[in-house]
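Colleague: The chain contents come next:
There are 2 protein chains.
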Amino acid sequence: MTREKLFEQIQTKKSFLCVGLDIDIEKIPSHLRNLEDPIFAFAKEIIDATHSYVVAYKPNLAFFEFYGVQGLISFGKIIRYLNQNYQDHFIIADAKRSDIGNTSSRYAKAFFETYNVDAVTVAPYMGRDAIEPFLAFENKYAILLTLTSNPGAFDFQFSESDGQKLYEKVLKTSQDWNGSERLMYVVGATKATFIASIRKIIPNAFLLVPGIGSQGGSLDAVSKAGMNHQCGLLVNSSRGIIYKSKNSDFAEAAMTEAKNIQEEMAIYLSQKGLI
Amino acid sequence: MTREKLFEQIQTKKSFLCVGLDIDIEKIPSHLRNLEDPIFAFAKEIIDATHSYVVAYKPNLAFFEFYGVQGLISFGKIIRYLNQNYQDHFIIADAKRSDIGNTSSRYAKAFFETYNVDAVTVAPYMGRDAIEPFLAFENKYAILLTLTSNPGAFDFQFSESDGQKLYEKVLKTSQDWNGSERLMYVVGATKATFIASIRKIIPNAFLLVPGIGSQGGSLDAVSKAGMNHQCGLLVNSSRGIIYKSKNSDFAEAAMTEAKNIQEEMAIYLSQKGLI
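Protein chains in written order, with our numbering: chain A, 7 to 281; chain B, 7 to 281.
One chain only, chain A, in its complex shape (with noise of 0.2 angstroms):
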């Protein structure tokens, strides 16, 4: 999905809102546990109920990962469904991959090509050779973790070196990497007190925050210090909106989360002057 198609679809369904698929068979209302596939059928119900306040989806790989075979054949499925009918969203692999640069681009090609989401979260520890791959494919992106929404975002982001601190070490050198025009920065809502100067260096990339909802983070806060010229935003609710209900109104439900969250999305972007 190019950049341009990812805004107009912003102002079409006056919405930033990512919905994260953690799915957890636990968590689940329990009329779908018996299914042969309960984390698909789940998946879909909340997605149909869900896609016209939502612009993108992010499945997080742990919870598919953690039910062997049968969750990445979940996790396929879910993502052609998504590519099937609901062919506008961006479908983000939350992944936080990275490795030396051959293995990284059979990572990338894992996620971009085998499974054809549209980006997938990655981590810098490793550097330039270990994202670079990510970046070389057209209308794909990486999302690089700079600063997370987790208390341990503390140990190591905030580490200060000639005069700047680790994450924003992470946000200018990221900027000479081949295909950077292809980055998207990971902050937290949690984080929202650091996102304005985290604007000045990077004012044009798109932002994936996760930690409104269950992790506390602020969407008033966040928009006011991150929205740019094409929003630059995607704020994503994981836990807030698809276990909203744990009954057999859990779609619905999610359906109304969603809704809450966009019209709320509306006022910040109207306020921004871009719908």
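Note that these hints are calculated values from the structure, not bench results.
Be aware that one or more of the hints could be misleading.
Reference listing, derived: stretches of chain A covered by chain B, where coverage requires no fewer than 3 residues with Cβ under 8 angstroms from a Cβ of chain B [to be verified]: (1) 60-73; (2) 269-280.
Result set (DSS-like, lysine-lysine): computed pairs, CA atoms no more than 27 angstroms apart in a straight line [what the hints assert, rightly or not]: (3) 175/B to 171/A; (4) 252/B to 178/A; (5) 11/B to 50/B; (6) 115/B to 115/A; (7) 230/B to 115/A; (8) 175/B to 50/B; (9) 50/B to 178/A; (10) 206/B to 230/B.
Glycine included, C-beta positions come from ideal geometry on N, C-alpha and C.
Given the coordinates of chain A, assemble chain B onto it according to the supplied hints.
Modeller: Frame of chain A, contents of chain B only:
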């Protein structure tokens, strides 16, 4: 596997060799490619031929994920084959995972319970809560990326803050994490000149050392700088062993190469007085 058991294996086999199973169907002998599961068939022959000279096997997940669900089926079969036939071997899933706490615990369960490997490589950028879930399993290990063998290692790992480089901070900080006695560390053989100083920070932990063979690191230098009272090293070769011959004698060629490396390792173990 306990650390003592691992050291016993090293003494018995006079080897601290780890064989990386980075299996690319394009690179395996043509007579195997038409089998139902060429990846497993190739791995099985490599394992059967080399197991006497090897203490650890390290399948890299990127190479399996590349083939989608079929690749993960092969991965599972290889792990089961090793666990059933060669229980003495230490199995490392080279996956370089990490995520926020509740998600990392899914990855940990995937690898330690669903697949039942002994260790998983993990990435430090997200800090404590991303790694601790991997340290909660008895006799299982998380192998933390520290100083990697690739050129991109210089992008961030040497960033200096408060008089210490990032990789040194990773070593020191991780000592305080719950379950840190189950941490091992990835240090590339191409960075052997740094191993002596790393040993001062972590005298007892095992190091997983990739980068001899195709990547050009020196076994002699690594051994002299890194060996401790329990050896404390697992030195990996992947392509240099498994693709030593591309013909039907590939398993024999792999065995000869593994044996050659083992014989060199026996010298270093003997010089250190460990055998």
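Colleague: Are any of the numbered hints broken by this structure? If so, which, sorted upward?
Modeller: 2, 4, 7, 8 and 9
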